[in-house]
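A.B. asks: So the chains spell out like this:
Number of protein chains: 2
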Amino acid sequence: MTQPRTIAITGAGGLIGDLLEEHLAGRYDVRPLTRDDADVTDLDALLTAFDGVDAVVHLAATSDVESPWEPVLAANVIGVYNVYEAARRTGVGRVVFASSNHAVGMYQWDDAYFPDGEGPKIVPADAPVRPDSLYGASKVWGEALGRYYVERLEALSVICLRIGWVTEHDEPPTPLHAARKEIQHVRDRGPGMWLSQRDCMTLLEAALRTDERYAIVYGVSDNTGRWLSLEEGERLLGWRPQDGHRP
Amino acid sequence: MTQPRTIAITGAGGLIGDLLEEHLAGRYDVRPLTRDDADVTDLDALLTAFDGVDAVVHLAATSDVESPWEPVLAANVIGVYNVYEAARRTGVGRVVFASSNHAVGMYQWDDAYFPDGEGPKIVPADAPVRPDSLYGASKVWGEALGRYYVERLEALSVICLRIGWVTEHDEPPTPLHAARKEIQHVRDRGPGMWLSQRDCMTLLEAALRTDERYAIVYGVSDNTGRWLSLEEGERLLGWRPQDGHRP
Chain A
1 MTQPRTIAIT
11 GAGGLIGDLL
21 EEHLAGRYDV
31 RPLTRDDADV
41 TDLDALLTAF
51 DGVDAVVHLA
61 ATSDVESPWE
71 PVLAANVIGV
81 YNVYEAARRT
91 GVGRVVFASS
101 NHAVGMYQWD
111 DAYFPDGEGP
121 KIVPADAPVR
131 PDSLYGASKV
141 WGEALGRYYV
151 ERLEALSVIC
161 LRIGWVTEHD
171 EPPTPLHAAR
181 KEIQHVRDRG
191 PGMWLSQRDC
201 MTLLEAALRT
211 DERYAIVYGV
221 SDNTGRWLSL
231 EEGERLLGWR
241 PQDGHRP
Chain B
1 MTQPRTIAIT
11 GAGGLIGDLL
21 EEHLAGRYDV
31 RPLTRDDADV
41 TDLDALLTAF
51 DGVDAVVHLA
61 ATSDVESPWE
71 PVLAANVIGV
81 YNVYEAARRT
91 GVGRVVFASS
101 NHAVGMYQWD
111 DAYFPDGEGP
121 KIVPADAPVR
131 PDSLYGASKV
141 WGEALGRYYV
151 ERLEALSVIC
161 LRIGWVTEHD
171 EPPTPLHAAR
181 KEIQHVRDRG
191 PGMWLSQRDC
201 MTLLEAALRT
211 DERYAIVYGV
221 SDNTGRWLSL
231 EEGERLLGWR
241 PQDGHRP
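From first to last, the protein sequence lines are chains A and B. Sequential numbering from 1 applies to the first sequence in my numbering. Sequential numbering from 1 applies to the second sequence in my numbering.
None of these hints come from the bench; they were simulated from the model. Among the hints, a few may not be true.
Put simply, identical chains are the same to the list, so a pair is met inside one copy or across any two.
[Stated by the list, open to error] Distance condition first, Cα-Cα at most 25 Å in a straight line; then the derived DMTMM-like pairs of lysine to aspartate or glutamate:
no. : residue 1 : residue 2
1   : Lys121    : Glu232
2   : Lys121    : Asp37
3   : Lys121    : Glu151
4   : Lys121    : Glu85
5   : Lys121    : Asp51
6   : Lys121    : Glu21
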């Protein structure tokens, strides 16, 4: 595809949105959109905000994995529909959709994938979805809906990134951080899902630039204990993580 | 699981709902629910309607594949959440979810699956979803959300049936019926998706009675030109179609 020049970011002001704005600055015309600029629950606001945009990085969502139904419905389920629909109507060529490891989070709870004394089994990107939350289910919805816009409407390209665990301090989760998590599986197996800020930025840019029309790939650094596949990211986006948590 | 005795049917009054009510009558305590009895967009109404119910067959939805967003959002996306959540809160053990072949409808548009001079390639139930409509995407959502209720909340059993093409006259789609469809792929390949009324009833009853906790299976008769797998239905539900369109 033609390489994008003007890139809108929904969820600007969040951790990844801020990092991406800085990462793209000077090389692209970046249009950061906070909720005040264009709430994703407001289709009309998005139609205005996407005017003249080549690609949208859709990060806006309830970011709390344990979010209850009402915010998941509004910000995630309705929000991603509005983003695709506004992109279609305004002629935006591509949406990079911030999906999540939580679309397949229940593999992390499945002892069959974490055999004693060896590394975990790797979950490929086309494995059956197993959401661990309403949040995770809403990401499956966004992936499926995006594929409809790509394949049936032929109106967009959509690249879905199942992003792992990006931390504010940009360090791998330590036992101390992980210990805050009350759930055993998250504590033990979560660190394998770390995504360094640098790897997150190269992944997002690769998703903006690929010739693929539709893809689902995992965004995790090459950590010890990693259980999500890196194969699709390399094959479809030409992306490989540079970092890895190796305790 | 304990076999269900009291079975609620959402979408009673529709074609499949009416047939199912008749099929189960006398052998189960059947509670047919029309929109007037309990609208699936109304969680409180479902809480009342599901009281004392062992299993729900969730058929209520916009049935028009080309439905626009608003009815899909209300009846399908929010509706299936309300059904699972009401089932969880009232202690209903199982929901049989009427999913659809439209969750994977784009395979029907893909010439690679319909090679010249031989039968179509068979799409297994765990193939990546490829919805052909907002309706189809809403069915993917219902399947994923159901898995969350089963695996993470351990609150329900959910059996997802990707139902094919059930006709009012209960005859395989003829060229005349198919010709009404404006889209070439539907005209040529749709008849392979016929599901006889008899096969539909045995499938729904098998889904009510299986010991599986979660499953996705196709509901199509054993037609010439069939492109959806029957393997999962036989393996997981012990169900085989008795009919088939053999022109």
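A.B. asks: A separate judgement is required for each hint: does it hold in the structure or not?
C.D. replies: Hints versus structure:
1. In this assembly of identical chains, Lys121 and Glu232 lie within 25 Å of each other by CA distance both inside one copy and across copies; the values are 16 Å within and 24 Å between.
2. For a Cα distance limit of 25 Å, the shortest separation of Lys121 from Asp37 qualifies neither inside one copy, at 43 Å, nor across copies, at 48 Å.
3. In this homomeric assembly, Lys121 and Glu151 come within 25 Å of each other (Cα to Cα) only across copies, at 19 Å, whereas the closest approach inside a single copy is 31 Å.
4. When the C-alpha separation of Lys121 and Glu85 is checked against a cutoff of 25 Å, the pair qualifies neither within a copy, at 37 Å, nor between copies, at 32 Å.
5. Within a single copy, Lys121 and Asp51 get their C-alpha atoms no closer than 44 Å, and across copies no closer than 42 Å, so neither meets the 25 Å cut-off.
6. In this assembly of identical chains, the alpha carbons of Lys121 and Glu21 never lie at most 25 Å apart, being 35 Å within a copy and 45 Å across copies at closest.
Against the hints set out earlier in the document, violations occur for numbers 2, 4, 5 and 6.
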